[in-house]
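From first to last, the protein sequence lines stand for chains A and B. According to our numbering, the first sequence holds residues 2 to 303 in order. According to our numbering, the second sequence holds residues 2 to 303 in order.
Because the hints were derived from the structure by calculation, they are not lab data. A few of these clues could be false.
It does not matter which identical chain is meant; a pair holds if it fits inside one copy or across any two.
Said to hold, decoys possible - Cross-link-like lysine to aspartate or glutamate pairs, in silico, DMTMM-like; alpha carbons within 20 Å at most: (1) Lys21 with Glu226; (2) Lys190 with Glu225; (3) Lys190 with Glu250; (4) Lys254 with Glu293; (5) Lys254 with Glu22; (6) Lys21 with Glu289; (7) Lys190 with Glu226; (8) Lys21 with Asp104.
2 protein chains.
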Amino acid sequence: MSILVVGSVALDTVETPFGKETEVLGGSAVYFAAAASLFTDVKLVAVVGTDFPLGELDFLRDRGVDLRGLQVAEGRTFRWSGRYDYDLNVTHTLDTQLNVFADFHPVLPEGYADVSTLFLANIDPTLQYEVRSQVPGARLTMMDTMNFWIQGQRDELTRMIGAVDIVTMNESELRMFAGTSSLIAGARKVRELGPQAVVIKQGEYGAVMFDRHGYFTAPAYPLEEVRDPTGAGDSFAGGFLGYLDQCGEITPKTLRQAIILGSVVASFTVGEFSLRALRDLTPAKIRERYQEFRDFTLVEAI
Amino acid sequence: MSILVVGSVALDTVETPFGKETEVLGGSAVYFAAAASLFTDVKLVAVVGTDFPLGELDFLRDRGVDLRGLQVAEGRTFRWSGRYDYDLNVTHTLDTQLNVFADFHPVLPEGYADVSTLFLANIDPTLQYEVRSQVPGARLTMMDTMNFWIQGQRDELTRMIGAVDIVTMNESELRMFAGTSSLIAGARKVRELGPQAVVIKQGEYGAVMFDRHGYFTAPAYPLEEVRDPTGAGDSFAGGFLGYLDQCGEITPKTLRQAIILGSVVASFTVGEFSLRALRDLTPAKIRERYQEFRDFTLVEAI
């Protein structure tokens, strides 16, 4: 069993009330791979420029992440710069330099098409579709997206949504895509396009999942200090799919466990800047916090 | 066992994306009493003007609510007017006419001081303190407040917080009172003033409780249409305290059950305008939705 992730590798400059870090490791594929590799084998497809410090990815290699799909292209690496104020649920993007990412075309090295799970991180839905088409045999497929594609490439995005098992979005993105304030109505609209499940990210409030079995809700871990929310959603997806990939069966039970595990991993991610927490994360720490999550939602019958 | 609630009885004019209702029954004491009386005996202290249609409260009388503490004063009843847009977590107050509420002084009829539980709804903390002093023997005391008192009567509010077992606030109010964006730090600051527990209301995201046993989180019920959020917090408090009042013991287990029951009752409240849903609510409907709440947070060990 293994997962293919297609997304970005970036150099992020992030400012929060807890500090500022300049041109540190980031990108959706990196956060996802760092999280998923704690559970299963991961293959990564992305692009960096010739300026990228490749040694930064050694910790992924050490965890067995297959980086053959990482293209090094002439030019500068994708850069993103953002600020979070005290309301850490709101991202203020200060600057986006696509650089080599502007001409990115995913190429799947040998063996990549045979994965059991596919995660299409938040990239152009046309590219997502290209990759999806090359991995027809995956047992489980999931995609993320963002307001930029919802507004600019609605038709391509709608086609793409129809081609995956699970869609994940922030709640504001779901509301924008579905044109309703109701998450229930929005999730139904997405599921009518084909997906089995919709996983809605709610930042400091956790995540909810809608599928044919109904509704499941997971709180966020109560952190005294959220130092850097960057990568929360991608590491959530990494924990979620990483766990499911190595499950014998995908059932209501394992889907719920996966949501909690995604929340657990994301809660570590946001406690430190960049990939710092994910580098040091271990299965034992994850299991311990998973139990805490169960404890603080547990309520007995009346 | 019985509860004393001190708060407002109002005529509300409310506009939401689902409609507008003019001068309908409202007020913190009414929402609280309607909810709590589904669980235990309730005694109410409040004031209305001579213009108030007293027959509107017959449903409370039918549920055994003791209305001897409802003063009828010369003048007009308290009126509140507000609007909610699609973000139903944000209240836009359009008009507040205190009227007879401006000169309100709670008077406790015979037997009122012997209650086992006291709820001080969102009124002037000086009045809350007057009432608190007259009910020294209550097993459990809880108070609500709002930004108006946090900004205008901080000292009185702080003294009052030190005199109750449980404080409930909206998350924005807690952040304002404690001067921190962290709910953990904010709850700790409140508990350092004396209360055993802090219950933080998060609107469509549910509620969280901090006490010496740690942290407990309850989601909100996923409603497709929230027609009128007015009274959500007070009916939450009514379900919460109503259940606890008739529990033999207040334990971590019963506190958690009470949080879920409060959320259940509030979820009915916001599904209809004014008191409409609370009038028709039954213990059987509450038990059924309680079980749903347990179901959609249930997750197995890994």
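(Q) I want to check one pair: Lys254 and Glu293. Are their C-alpha atoms no more than 20 Å apart within a copy, between two copies, both, or neither? (A) This pair counts as both: shortest intra-copy Cα distance 18 Å, inter-copy 16 Å.
(Q) If the cut is 20 Å between Cα atoms, do Lys190 and Glu250 qualify within a copy, between copies, both or neither? (A) Intra 27 Å, inter 46 Å, cutoff 20 Å: neither.
Q.
Treating 20 Å as the Cα threshold, decide for Lys21 and Asp104: within, between, both or neither.
A. Cα proximity of Lys21 and Asp104: none, with 29 Å in one copy and 53 Å across.
Q) Is it within a copy, between copies, both, or neither that the alpha carbon of Lys254 lies no farther than 20 Å from that of Glu22? A) neither (39 Å within a copy, 44 Å between copies)
Q | Up to 20 Å CA-CA - Glu226 versus Lys190, copy category | A | between (36 Å within a copy, 15 Å between copies)
(Q) As a check of your reading, is Lys21 near Glu289 (CA-CA no more than 20 Å) within one copy, between copies, both or neither? (A) Answer is neither; intra-copy 30 Å and inter-copy 49 Å both fail.
Q. Is it within, between, both or neither when you check Lys21 against Glu226 at 20 Å Cα-Cα?
A. Within one copy only: 15 Å inside, 41 Å across.
Q) How would you label the pair Lys190, Glu225 (within, between, both, or neither) given a Cα cut-off of 20 Å? A) between (36 Å within a copy, 13 Å between copies)
Violated hints, listed in ascending order, are 3, 5, 6 and 8; each of the other numbered hints is respected by the structure.
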